[in-house]
Amino acid sequence: LTNASITPSLTLVKQVMNGERGRAVPGDFELKARGPGNAALSGPSGSEFVTDMQLPPGEYIFSEDGPSGYEGEWSCTGTTWDGTTATLGFGEDAICTATNTFVGGTLTLRKTVVGDGPGAPAGPAAATDWTLRAIGGGEFPRPRIEGASGETAVTLAPLGAGAFRLSERAVAGAPTADYRSDGWECTGGALEGDVVQVTAGVDTVCTVTNVYDPRSGPDPEPEPEPEPENPDPGTDVDPGTATGADGGAASDLATTGLAPGAAAAAGAGGLLVLLGAALLAARRLRRTRHGHPGSR
Numbered sequence: 384l385t386n387a388s389i390t391p392s393l394t395l396v397k398q399v400m401n402g403e404r405g406r407a408v409p410g411d412f413e414l415k416a417r418g419p420g421n422a423a424l425s426g427p428s429g430s431e432f433v434t435d436m437q438l439p440p441g442e443y444i445f446s447e448d449g450p451s452g453y454e455g456e457w458s459c460t461g462t463t464w465d466g467t468t469a470t471l472g473f474g475e476d477a478i479c480t481a482t483n484t485f486v487g488g489t490l491t492l493r494k495t496v497v498g499d500g501p502g503a504p505a506g507p508a509a510a511t512d513w514t515l516r517a518i519g520g521g522e523f524p525r526p527r528i529e530g531a532s533g534e535t536a537v538t539l540a541p542l543g544a545g546a547f548r549l550s551e552r553a554v555a556g557a558p559t560a561d562y563r564s565d566g567w568e569c570t571g572g573a574l575e576g577d578v579v580q581v582t583a584g585v586d587t588v589c590t591v592t593n594v595y596d597p598r599s600g601p602d603p604e605p606e607p608e609p610e611p612e613n614p615d616p617g618t619d620v621d622p623g624t625a626t627g628a629d630g631g632a633a634s635d636l637a638t639t640g641l642a643p644g645a646a647a648a649a650g651a652g653g654l655l656v657l658l659g660a661a662l663l664a665a666r667r668l669r670r671t672r673h674g675h676p677g678s679r
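Our numbering applies: residue 384 is where the sequence shown begins, and numbers increase by one.
Quick caveat, the hints were computed from the structure, so don't treat them as lab data. Be aware that a few hints might be false.
[Claimed, not checked] Label pairs and their calculated CB-CB ranges:
1. Arg563 / Glu431: 47 to 55 Å
2. Asp565 / Arg417: 46 to 54 Å
3. Thr582 / Glu529: 17 to 25 Å
4. Gly530 / Phe473: 45 to 53 Å
5. Thr463 / Thr511: 51 to 59 Å
6. Glu534 / Pro507: 15 to 23 Å
7. Gly498 / Ser458: 57 to 65 Å
By construction, the Cβ of each residue, glycine as well, lies at the ideal position given by its N, Cα and C atoms.
Throw the hints in and build the complete structure from the sequences for me.
The structure is reproduced here in structure tokens:
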């Protein structure tokens, strides 16, 4: 007689209690179990990845990912269960169920398009020309809803209690250029800036209003300013570096305040004086050498 060990099996199941406000279905949740060594499984309820999986015996813990606003509770049959851990033994076929109950609130996002004043036209854009969004905090993935006004995705959307940041963006190609936003207003939840508080058991509605405010047309091209007849003496002007005929720097006379012509004349006069003095000195030297002292 030979006795063989029978490997235990584990199945994960999801049950959802939505009440009046929840919308989730079992497939919206990913069920997870981890056991000894590298033993692990994950997947949605009913999938082959979490149904009758052959696993080594030992202790298993459970978790799940899914929509916000739900509280979950695990229970197991067909094995030893202490409220948090299942201990699988040889030959056991365990079934562990996560039951989720919706305990959050709902959030509705709406868009209103109006004219700039009583009786003013509301312009060419429709309320659906903007995408509305609310994003919660916490760890990734953050809870969020997104869609156009009136869509199911942003109407009575179930969310967990907490703070959500509101925003909008124009749909590409929509005629929204001449609209300004007058901001968000909310009922059923406290609003501070663009952050609304969603409360468990409460239906919160937030509306953003866009006002048609057409511009008079494209901004005209600015006319060029006329050149001043006389530059402002108080304005610092960098004239650049002046160069001489040989490509070197010009004389510093250009910066003494003399007019260009006077500066040139002053330079030439100075050279003549020096030349005359040199000739006179040479003549006196020759006369001295020949015994003719120069006149005094």
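Quick rundown of the hints versus the structure:
Checked against the hint of 47 to 55 Å, the pair Arg563 and Glu431 passes, with Cβ atoms roughly 54 Å apart. Taking the beta carbon of each, Asp565 and Arg417 are about 51 Å apart, inside 46 to 54 Å as hinted. A hinted range of 17 to 25 Å holds for the C-beta pair Thr582 and Glu529, which are about 21 Å apart. Hint check: Gly530 to Phe473, Cβ distance near 51 Å, so the stated range 45 to 53 Å holds.
At roughly 56 Å, the beta-carbon separation of Thr463 and Thr511 lies within the given 51 to 59 Å, and the hint holds. Glu534 and Pro507 have their C-beta atoms about 21 Å apart, which keeps the hinted 15 to 23 Å range intact. For the pair Gly498 and Ser458, the supplied restraint of 57 to 65 Å holds, since their beta-carbon distance comes to about 59 Å.
Going down the numbered hints, you'll see the structure goes against none, and every one checks out.
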